[in-house]
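> Turn these sequences into a full structure, and let the hints guide you.
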Amino acid sequence: MAVFSPDYLPTASWDTLRLRARLLGKVRQFFEVRGFLEVETPILSADTVVDRHIEPFAVPRETPSSADNPTQPLWLQTSPEFGMKRLLAAGATAIYQVTRAFRRGEQGPLHNPEFTIVEWYRVGDDMAAGVRLLSELCECLLGRGPAETIPYGEAFASRTGVDPHRATAAELARRARELGVEIPATLAADDRDGWLDLLLADRVQPSLGIGRPVIVYDFPASQAALARVRPGPPPVAERFELYASGIELANGYHELTDPAVLRQRHQANNAWRQRDGKRPLPENSRLLAAMEAGLPPATGAALGFDRVVMLAANAKDLREAMAFPIDRA
Amino acid sequence: MASYNTSEFRKGLKVQLDGDPYLMIECNFVKPGKGQALYKCKLRNLLRGTVIDRTYKSGDSIEAADVEEIEAQFLYRQQDQFVFMDNKTYEQYELSKEMVDEAWKYLKEGMICSMTLFNGNPISVSPPNHVVLKIEYCEPGVRGNTATNVTKPCRMETGAEILCPSFVEMGEYVKVDTRTGEYIERVKA
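As given, the protein sequences belong to chains U and R, one line each in that order.
Start counting the first sequence at 1; every next residue gets the next number (my numbering).
Start counting the second sequence at 330; every next residue gets the next number (my numbering).
It should be emphasised that the hints constitute simulated quantities derived from the structure, not laboratory data.
Source: prediction; values computed, not measured.
Among these hints, one or two may not hold up.
Derived pair list, reagent style DSSO-like, types lysine-lysine, alpha-carbon separation capped at 30 Å [to be verified]:
no., chain 1, residue 1, chain 2, residue 2
1, R, K343, U, K316
2, R, K371, R, K417
3, R, K369, U, K278
4, U, K316, R, K371
5, R, K434, R, K481
6, U, K316, R, K369
7, R, K437, R, K417
8, R, K463, R, K340
9, R, K340, R, K426
10, U, K316, R, K481
11, R, K340, U, K316
12, U, K278, R, K504
Here's what the structure looks like:
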């Protein structure tokens, strides 16, 4: 039955909005007590993350930026990563931020183009330390017990029967067909990461963290994003993700510090973007300049705060966790 | 033939797959963090009534179904058959309750509706965006209730149940949005 709710009203109940405020307070207290400094970095920037599957909002410039790049827009951040890593290069040791991220075209029961992200970095942490910290934060906010940990390879293989680190695209495709997974007609036979994502979304993710939350770590090397890769065999990305009730809540990395590797990844991502028919994104950034100067070894992570509120409130849709989703923003 | 891009996918879209017209009844955006965005859709075959699951990648497109929209007047209901007439050609169409779908809640005799034909055959019918219906039965409203958005279910002359504000009374007329099933306002008869 339809509910009568004119669109000037919020989609979250007052109880949930009060819960949201309490959780925000808990986040701040969690980091303050551990000696982290709260920072604020620009939401609007000349730089942007270059990812195959993340679309930033472009903001047209009022005046031309420079002689060689007069038409480059400014970008709404898809995450505060760049600004925060520049602070690490400048000497920060433990920082956190509660801010908004923007991703074009991401809308659904678990997505809103504008969302609240909690992101933190601590110099000297390796991946294990980062995983422990994330588990503690999750316990603080959701109270579902400390997170269990499982390597990506094991989580994937136990549910699909294939080794994600070694299987070829063709083997993944065959397995998807055998399992009866709904396959998009346009998924290219050679798009290995595409097949991994398809199986992950369909067969692995929904069963992760149903009772106790779960942190999946050691991702396929091809999905490293800004994480460092540990040589193998097989090579794995020191990347980890937190799941509760089958929903991805956070993503973290033992951070990549080598600017040459980041440049390569940006080039590869732009090549994919071109193949996908998407606009290429600027590969240069002040982050790269900071990395050339030297980024200290650190582990950081980012949490989708609205989803945490949603789970804490036992809601079924992200709309119930925020005041005004995009369609009534 | 026109086509729809994944960014346009939504419930209610009419598309063509393997030569048959389909109605998109569900479309969920799924995206593993930093991974490929997928649109997991449920589509109902408008000719057979069967439902299929289809998954699309961001950027995919589906052919729009070749449909014709005509004006058809609702004549009467006979058990589970709804009879309409094309006012221009006088051709009559009988639609099953399944094909009429949610529109049964708003159909009043004589109402001019928009009917969709696929290859000349009716596959769906839409009432006007707003309809005025009489409240056949509801609980009396309680005065002094200061909480906002308190509603109560009301049974309309068509048999449909619509949530209305608690101040409306039996016998009154209300305007309803037929696309969402939501109360809009009270109207004088």
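> Can you give the numbers of the hints that this structure goes against, from lowest to highest?
Those not satisfied are hints 2 and 12.
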